[in-house]
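Novice: If you want the building blocks of each chain, they are given just below.
There are 2 protein chains.
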Amino acid sequence: MVFKTDIQIAREADKKPIQEIGAKLGISSENLVPYGHDKAKVSQSFINSVQDRKDGKLILVTAINPTPAGEGKTTTTVGLGDGLNRIGKNAAICIREASLGPNFGMKGGAAGGGYAQIIPMEDMNLHFTGDFHAITSAHNLLSAMIDNHIYWGNDLEIDTRRVVWRRVVDMNDRALRQITASLGGVSNGFPREAGFDITVASEVMAILCLAKNLEDLQERLGAMIVAYRRDRTPVYCRDIKADGAMTVLLKDAMQPNLVQTLENNPAFVHGGPFANIAHGCNSVIATTTALKLADYVVTEAGFGADLGAEKFLNIKCRKAGLSPSVVVVVATVRAMKMNGGVAKADLGVEDVQAVQNGCANLGRHVENLKSFGVPVIVAINHFVTDTEAEVQAIKDYVAAQGAEAILSRHWELGSEGSADLATRVAEIADSDEANFAPIYPDAMPLFEKVKVVAQKIYRADAVLADQKILNQLKDWEDQGYGHLPVCMAKTQYSFSTDPELRGAPTGFNVPVREVRLSAGAGFIVVICGEIMTMPGLPRVPSAENIKLNADGDIEGLF
Amino acid sequence: MVFKTDIQIAREADKKPIQEIGAKLGISSENLVPYGHDKAKVSQSFINSVQDRKDGKLILVTAINPTPAGEGKTTTTVGLGDGLNRIGKNAAICIREASLGPNFGMKGGAAGGGYAQIIPMEDMNLHFTGDFHAITSAHNLLSAMIDNHIYWGNDLEIDTRRVVWRRVVDMNDRALRQITASLGGVSNGFPREAGFDITVASEVMAILCLAKNLEDLQERLGAMIVAYRRDRTPVYCRDIKADGAMTVLLKDAMQPNLVQTLENNPAFVHGGPFANIAHGCNSVIATTTALKLADYVVTEAGFGADLGAEKFLNIKCRKAGLSPSVVVVVATVRAMKMNGGVAKADLGVEDVQAVQNGCANLGRHVENLKSFGVPVIVAINHFVTDTEAEVQAIKDYVAAQGAEAILSRHWELGSEGSADLATRVAEIADSDEANFAPIYPDAMPLFEKVKVVAQKIYRADAVLADQKILNQLKDWEDQGYGHLPVCMAKTQYSFSTDPELRGAPTGFNVPVREVRLSAGAGFIVVICGEIMTMPGLPRVPSAENIKLNADGDIEGLF
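Those protein sequence lines, which keep their order, are chains A and B. Going by my numbering, the residue at position 379 of the first sequence is 417; the numbering climbs one at a time, nothing skipped. Going by my numbering, the residue at position 243 of the second sequence is 281; the numbering climbs one at a time, nothing skipped.
Where hints are given, some of them may not hold.
Copies of the same chain look alike in the list, so a pair counts if it works inside one copy or between any two.
In silico lysine-lysine, DSBU-like type, Cα no more than 30 Å apart, as pairs [stated by the list, open to error]: (1) Lys289 <-> Lys53; (2) Lys54 <-> Lys289; (3) Lys250 <-> Lys585; (4) Lys145 <-> Lys279; (5) Lys330 <-> Lys585; (6) Lys145 <-> Lys54; (7) Lys279 <-> Lys585; (8) Lys250 <-> Lys127.
Everything labelled a hint here was simulated from the structure, so no lab data went into it. Source: prediction; values computed, not measured.
Hey, can you work out the whole structure from these sequences and the hints?
Specialist: Set out below in structure tokens:
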């Protein structure tokens, strides 16, 4: 069998004008701010006008721990959204925007795959509607204003060794990770160590994704800590007086982007915070707006459920007052086999036993998600090589757990293949069974929150942290940050902090290496491993092969 | 009398949907790529489809040397465009885009002023259609790929001390002027000195503004010199294999932006190269497209005529095969007075003698411009404080020179005030009197070209240059760059290199401090003074007062 590539399918799509897509959600064309004919932002004034409406049902799509086999979480999110529309429901999709820079290292990717994709794929991998450029500008304006403040006399008494606000660029550029800035003599300022992160790692990105509206955005930007004085007291963004201008730079970016699936159903693609040093979900404003406009909103969280769904539920839902009606856990036969010990090269061979062995990983995620009080269903994202016996093995395992697994063939068939899944998901959502609550209260001490996540979700024996880290958490509690949730940063490949430990490991500890306060975003980042905030390019970057061909089509990006 | 501010007038404008503006030029809405409701790009396919049409008449607006009194060159460009439409002509305007970063230092500005403006003003001072962000990305992709090439083994044998390709950011950030990059150990690369310029100073910007189409764009990008080897042989962008991906990043930015005047006439706002280290005109593709769609195209060049018009005529027109039908030189009574020795504080007092004395500056520009074989007319941009006698003094001076000066009151009255000017300009353009030619041929040696400009335009006695510079020019001639035009970089405030020398100075020399090859843009930059490629922020940056007010309007940007 020969399959079309994602980009071939995407280019053949019967794309509708974005105004037609908006109309499906009751958005008139005056309330859509178009960016080309197939992308638009939903105007702030329209968003304000629908705030009194009733919310639709929120459906979270998450997954097992990612494996090199691929799980298809976004593909399933899109397939489920199309499936719901197919069975006559008014449904919208909410996913994250892609970062520009990394596409020039490794190839860019579709939003979804096969016949379950969001388009226009090229634009979404390039400048899209300029949101990330706006974030880059706002971030770097603050950076320039900090150094400018120091240059003109440093009235705020910033300790130039303790400027924690770096610069950002949406490019994989390892040469900028660590630099010495302000060289060249008197007119260029006071030399100091500095550096750049990739734009998605910016706290401004996390804030844009958590802010309820423009006022909240500005408030949070102002609350960001940018430096410390010699006495260790913090200097805030609002002390630099950058928060107003940053808000002006971000006002368009705050409006959610509307695009469409291959089947012309509405999809919001907005925000893209790093899933490790931030919470890794699409924007609150896109999700809350979608909930006002659609009866069902399908969204996803980054990485596996231990990391992405945990932060979606404990951070995004808590902060935004969201309450999911059902959680869909995506699994595949191939990924179960890898969790069961099969090497990638051997995934094509039927191996029911390996599938059964690997299901322990899925089972633990299902169990964890239930602990948030939300009904859970498993979606088996079908690969054409899967055998019936293998699929049945997953279904049996999940049934034995008291849950349900449904095969979905959206990749191959579009909504025709996901109608069954959509039907069950809608039934569960409509049953109002959900009784969602985060798994720790605001009032719990910070280190206790870490322990709850590590022990209840990861199933670690203990959390290990130096006295220095414990003292730091205590200091923040004393400064009034004790109510914040914790934003865990650990490997996505395992429940543990060892990426090699697949399945459902036990008998391990979680060491905390570092903690960081994101005072504007409103969480404490708890780092349990290496964190790379500026990627590098590979030996042969994909950029070398990216070009326009004679027809004006982009080659080499996918 | 109380006058409204530019932003008040702009916000009160009766703005039309951009599709209506496009229709005036025969562009259907499918061929407009909208960015919001009041901005659009003209699609590349439409541009390709009109290449066989006859060109309209090109009208260049330039000015005397700028003074703190203000001349209103853009205001006159807009007023003339509106005036031509008022008298029943099909006319379009072409101007440059504004840079984002500097607005956060000093206040941003209108495109034009009073009742002769282009809107939407807020967007044009912020992200607009993202062109400059695209240029920043393309530029920095190349930067990252250069350091990445060095990191992975440096097969091209780049001398890391001689990487001439810097990075850019569209922000006034003096701390980035000079940095040490790639610090932090083995994984971050090989430490070297580096730095950032502001985006408008990028050679990519100059190329975008000179490229005829996407193929030409990629060709020119590939030809840029990014570094030298130890043996001084150049390393090109195409050696790094970045030109294809850069072209992909720039493909949307290459499409000209269409907006409107307060009177709903079409205006192309596209490209914004630095007027000193580049040629300082809007894009060739916007100008050539406008000429296919309108009978009259009014455009402007940066700074005074000695710098901006000289480069427009010798570089842009030469490269793009453009031929202006008439040149309009903007002068004001106030600026004539300043050239005549009056201090800014005293400009409100009638002083006919000072006006007469200052006219020498205007007179020399008129004479210079005639030497290009193009008819010249003077537009007196009226200020409400001008007296009749002062205006008459300019008219008389110009008449004595065998030319004509027309009073234009577009700032106060819009097209009603510029109809006379428009009528005469159209008559001259229609007379086909022009017989344009650049003032030096391609084949002239490089240093001779510099001498021609310095002696014929500036009226310098001699050009002074070290043997080192002469040798450098000779080397480039040997390498095949001898046919390039020279891009002069000197103060805009005087014909000489001394900004204090107003009027029409004589008896001075022009010292050349440095020469640079912009092999992709296709010119030799000849630097006759300080050049600042990265501005800094002032003690109190305007950003501190920029914010959204309760109505969602931007405050403090203007």
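Novice: Look at each hint and say if it fits the structure.
Specialist: Checked hints:
With identical chains, the CA atoms of lysine 289 and lysine 53 are at most 30 Å apart both within one copy (28 Å) and between copies (21 Å). Taking the shortest Cα distances, lysine 54 and lysine 289 sit within 30 Å of each other both inside one copy (27 Å) and across copies (23 Å). Taking identical chains as interchangeable, the C-alpha atoms of lysine 250 and lysine 585 lie at most 30 Å apart only when they sit on different chains, with a minimum of 18 Å there against 39 Å within one chain. Proximity of lysine 145 to lysine 279 under the C-alpha cut-off of 30 Å is restricted to the inter-copy arrangement: shortest distance 16 Å between copies versus 40 Å within a copy.
In this homomeric assembly, lysine 330 and lysine 585 come within 30 Å of each other (Cα to Cα) only across copies, at 28 Å, whereas the closest approach inside a single copy is 41 Å. With identical chains, the CA atoms of lysine 145 and lysine 54 are at most 30 Å apart within one copy only, with a shortest distance of 27 Å there and 41 Å across copies. For the homomeric pair lysine 279 and lysine 585, the shortest alpha-carbon distance between copies (10 Å) is at most 30 Å, but the shortest distance inside one copy (42 Å) is not. Taking identical chains as interchangeable, the C-alpha atoms of lysine 250 and lysine 127 lie at most 30 Å apart only when both belong to the same chain, with a minimum of 27 Å there against 50 Å between chains.
Checked against the numbered hints above, the structure violates none of them.
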